[in-house]
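Participant: For this one, chain A is given, so just place chain B with the ligands on it according to the hints.
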Amino acid sequence: MFQYDLAIIGGGPAGLAAAVSAWNEGVRSIVIIERDDVTGGILNQCIHNGFGLHYFKEELTGPEYAGRFEQMVAETSIDVKKQTMVLNITPEKMIYAVNPTDGYFAISAKAIVLSMGCRERTRGAISIPGDRPSGVFTAGTAQRYVNIEGYMVGKRVVILGSGDIGLIMARRMTLEGAKVLAVVEIMPYSNGLNRNLVQCLDDYDIPLYLSHTVTDIRGKRRVEQVVVSKVDENRAPIPGTEMTFDCDTLLLSVGLIPENELTKSAGIPIDRRSNGAIVFDDMQTELEGVFACGNVLHVHDLVDFVTAESMKAGKSAAQYILYPYQHTDQPVELQNGPGVTYTVPQKLDLTAGEAKTDLFFRVNHVIHGGTITVQAEDGTVLFSRKKAHMLPAEMEKITLDKSWFVGHHTATVSIQEGANEK
Amino acid sequence: MYDVIIVGAGICGTSLARELSKYRLSVCCLERENDVADGTTKANSGIVHAGYDPLPGTQMAKLNVVGNAMVEQLCKDLDVPYRKNGSLVLAFDDDEMKTIQTLYERGVANGVPDLSILSGEEVAKLEPNLNPVKGALYAKSAGVVSPWELAIAQMEVAVQNGVELYLEREVNGITWNGESFAVTAAHNGETESYEARYLVNAAGVDADTIESFINEPPYHTKPNKGQYYLLDKSQGNLVHTVVFQCPSKLGKGVLVSPTAHGNLIVGPDSVDQPDKDDVSVTADRLAFIRNAAARSCSKINYRDSIRNFAGIRAQSEQDEFLIHYSPVTNQMVHLANIKSPGLTSSPAIALEVVEMLQKAGLVLEEKDSYQTTRRFPRFRELSEEEKKRIIEKDPRYGRIICRCESITEGEIVAAVHSPVPATTVDAVKRRCNAGMGRCQGGFCSPRVVEIIARELHRAPESICKDKAGSYILIGKTTKGEEKA
Ligand SMILES: Cc1cc2nc3c(=O)[nH]c(=O)nc-3n(C[C@H](O)[C@H](O)[C@H](O)COP(=O)(O)OP(=O)(O)OC[C@H]3O[C@@H](n4cnc5c(N)ncnc54)[C@H](O)[C@@H]3O)c2cc1C
Ligand SMILES: Cc1cc2nc3c(=O)[nH]c(=O)nc-3n(C[C@H](O)[C@H](O)[C@H](O)COP(=O)(O)OP(=O)(O)OC[C@H]3O[C@@H](n4cnc5c(N)ncnc54)[C@H](O)[C@@H]3O)c2cc1C
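In order, the protein sequences belong to chains A and B. Each residue of the first sequence is one higher than the one before, starting from 1 at the first, in the numbering used here. Each residue of the second sequence is one higher than the one before, starting from 1 at the first, in the numbering used here.
Think of the hints as simulated: they come from the structure by calculation, not from any bench. Worth double-checking, as some hints may not be accurate.
Taking lysine-lysine and the DSS-like style, the derived pairs with C-alpha atoms no more than 25 Å apart in a straight line are [to be verified]:
no.: 1; chain 1: A; residue 1: Lys-155; chain 2: B; residue 2: Lys-476
no.: 2; chain 1: A; residue 1: Lys-155; chain 2: B; residue 2: Lys-479
no.: 3; chain 1: B; residue 1: Lys-299; chain 2: A; residue 2: Lys-264
Bound conformation, chain A alone (with noise of 0.2 Å):
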C-alpha cells in the first residue's frame, strides 16, 4: 500500500493543474495517476492552436500547453504514476489501482482530487438508424487515429455536430487531403466556438446544415452513403427532406460526458445537469476531503477554464489537509432558474474558503439581450448583470462575493430575457 497526503486521479490538464497548485501552498508528497503512457489528458491530440489565450496570453497547441503544466510538475518532487489505471474508489478514500510494475495496489490519501476527464457520446447513444459498419467514428477517436497513431481513417467524410471538435476535425481531415462533405447540426444554431466556425468551415468551403440530422448510415461492411434531414422545431425528421452522400466515414461530435463512475463507486452525489459531482465553492465534493475538477466535474470549452478551477481545487485540498477543516452543514444552495442548466458549485460555504467565488453556468437555449440575475429565496436581487449574447455552447462565468449571502440559504441564478434588448 501507498501513502499520500494528497492523490490525484487524472493527469489531463486539471490533474496537473490541482498538482502545482497545491504543491506551491506546501503540500509535499502528491501523487498524479495517470492509465495513458503520458501525462496531459486529451490535450495530447489536439494538435491545432488556440489553447492558453486567456492563462498563457498566448496561443499555444495542445501538447505545448500540457507541456507547461508537465514542466511545472517535473520542477517538484510530485510523484506522477503512468500507464497506472484507477480501479475503484470507495468511501473511506481508498484507491484501488493497477499497473505493469506495481500490479494491484492500494493508495490511502488524506485527500483527493477527481480530474478524469470525459468520454464522447457514441452512436448508441443517440441510437442513429442504419447498419452498423466500420467508419463510424467518434471525433474524437478519429483524431487520435490521425493526430497520434499516424493512420487516416477515411477519404469522404460527413460530421454530425458542430461542436468544436467536430469543426476541428472538419480541417484536420481536409488537411490531410480527405473531402468533408457536410457537418450537420440539429440544432438551428452552431455548439462550436465562433473562431473555428469561420476557421475550419467557412476558410474551407464546408457546408454547414444547421436544423439537420443523420437519419440513415448505408453500408454492409464499411460506410457507403450518409442519408441527412432536415428537423422541425422538435427535432423531428421531416420526411422528403432526405440528402444522400455518398462517403465512407462518419464522424460524430454529439457531446461529452463527464467519466464519473470511479466519482459513484466513492458514493459521492452527481448533479444530474452537470453530470458531475455536486460541489462546494472550494471544489470539495459532498465526501469531505473530495475534490473535482476539468472535464469530470462538467464539460469545458476551454482549457484555461479548466486550469483556473484546478488550481482552486489544488489550494482548497492543500488547504484542507495542511489545515483540516470542515463545511458547513447549511451552505447556501444554488439553483437553476429559467434559462440555466446548470452551476458549478452548486453550494456555497460561507463559513469557510476564499471571500469570492467564481460561478460557472450555462444557459439552455441561445439569448439574445439578457440579464444575469442571482436572486436569494426572499426575492432579494444578489447580483444582476446585463450581457448581450449566451449561448448554450459558450460557459458563462461571473464572480460572486460571498458575503452577499449572508443570511441567506438558497439562491437562484436564471436569465431574465427580452427586457434588455439591445
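Facilitator: Here is chain B with the ligands on its own, set in the frame of chain A:
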C-alpha cells in the same frame, strides 16, 4: 476425405463440432465469415428459454427443455457468462391470466421444472420496478447466456480436440457421388474443394441455399428481423429476471432483461423482410420497441442506451425446427428453421444430429482422452490475490486497455492467440468484452487495432472492425508516413 463436414459455425455448427470432437473422426467446419458466431448467433436475445412456449409433442419442445439443462452445465465447463435468473411472463388482465395458465400447462406437459403462477403482489416483490400486473408465469429454469461466447468456447474445445475450422469459406456447391460429397467453397476469390462422407448443413438463415445445392428444400425461408436496444450496466439492475409479455392480438410483445454481462436488453420486434442479411435498425421500429417495453416497465432510461442491433430469424411457414435427412441421402442432415429457441436447444440439437448420423452409418468411437473444459482469463473477476499473481506472471494483465469494462492487454493478447484466434476488433470484443461498454470502443479500439496488428505481424490498415471489408484505416497520414 473427412468423415464429417459441417457448413456454418453458428451456435448449431459449433455445438455439433464440440459433440463430434469426442469421437475418433476427422471433422471440419466451413464458415463463410472471418470469425465464428458472426451470424444470427451474435444478434439475438440470449435467453435460455425454459420451454413452455413450444407446443407439447413437438421436437422443439423436447429439444428446448433438454437444451436448457445442458446449457447450464456447458457454461460451467466452458467458462461462459451465464445466469439462471428465471423468467416472468406478465399478465396485465384476465385474458392474459388465461394465456399464462395455458403456457403453464404447456410447460408442465413439456417437462419444464419449477414453474409457478405468481400474483400481482408477488411479482411486485420480485421486480419492484415493473408496472403493476395481475400476475405472471414464473419459470425458475430460464436464464441468460452470452450466445457468441458459448459458440466460440465450443469451437475452441472442438479445435483443441482436433476439429479443423476453415474461416472465410463460402460453400457454393455440393455434389454427391453415391458414397461421399464434394463440397466447393470460395476462398479469397479461389474455389477450394473438400470431401466428406457425411455432411451437416448448419447455415442458419442460409440453410435453404445450402439445401438447394443437393435437394429442393421442403419449406420456404421467410427471414424475419428483430431489433434491440442495449443499455449501460447502470440500467442492468432495473429488472433481475427475464421479463416477457403475453403473446396477444397486439403481437408477441417485447422483453426486458439483464444480459449475461449485466447490461439491460430491450426488444425484439418481429418484421418479415426479403433480405437475409439486412440487419439495419430503423427509427420507427426502435420507437415501437420503446413503446411496447413501456407496458412492462416505464422506468427504462434510454439516455443510457449504448447500442442498437438486429438479428435475422430463420423462419418459414412451419412452426417447428426442421431437422431432417436429405431426401437424396441420409448421409446429409439439414438444420433448417432453427429460430428461437434455437440457441437454447443447440446442445440438444447437436446430440440429435449425432444420433441421426450414427443411424446413417457413421461409426462413433470415443477418444481415449479429450478435453471437455476451457477457461478464459478475466482480470476483473479475479480476487485481489489472483490479480496480483497474474500481473507478476505477465505484466500485460496490469495494463488496462478497455477502461469501461476494465479489460487488460493480457486478455486481448489471449483472445488473439486463442485456439480460434481473434483477428478483428469485434472478434476481440466477442472474446473478452473490450469495447463492449459505454464508450463502445471509443478509447480502446485504436489500442486494440495496434495489439492485433502487433501480435499477428500485420499492418494496422489490414485490421477490420468485423466482417471482411469492414476496414478501419485507409493509410498513413503525411506525418505518419514520416514517422514510419
Ligand atoms: C477534442 C477536444 C478539443 C478541444 N479543443 C480545445 C481548444 O481548441 N481550446 C481550448 O481551450 N480547449 C479545448 N478543449 C477543451 C479542453 O482541452 C478540455 O476541456 C481539457 O483538456 C479537459 O481537461 P481534463 O484534465 O479535465 O480532462 P482530460 O484532458 O480528458 O484528462 C483526464 C485524464 O484523466 C485520465 N484518467 C481518466 N480516468 C482515469 C483513471 N480511472 N485512472 C487514471 N487516469 C484516468 C485520462 O487518461 C486523462 O489523461 C478541447 C477538448 C477536446 C475533448
Ligand atoms: C431476434 C432474435 C432473437 C432470438 N432470441 C433467442 C433467444 O432468446 N433464445 C434462443 O434460444 N434463441 C433465440 N433466437 C434464435 C437463435 O438465435 C438461433 O436459433 C440461433 O442463433 C441459430 O444458430 P445457427 O447456428 O442455426 O445459425 P447462425 O448463427 O446464423 O449460423 C449460421 C452460420 O452459417 C454460416 N453460413 C451461411 N451460409 C454459408 C455458406 N454458404 N458457407 C459457409 N458458411 C455459411 C453463417 O455465416 C453463420 O455463421 C433468436 C433469434 C433472433 C433472430
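Participant: So which of the earlier hints does this model not fit?
Facilitator: The structure conflicts with no hint, since it agrees with every one listed earlier.
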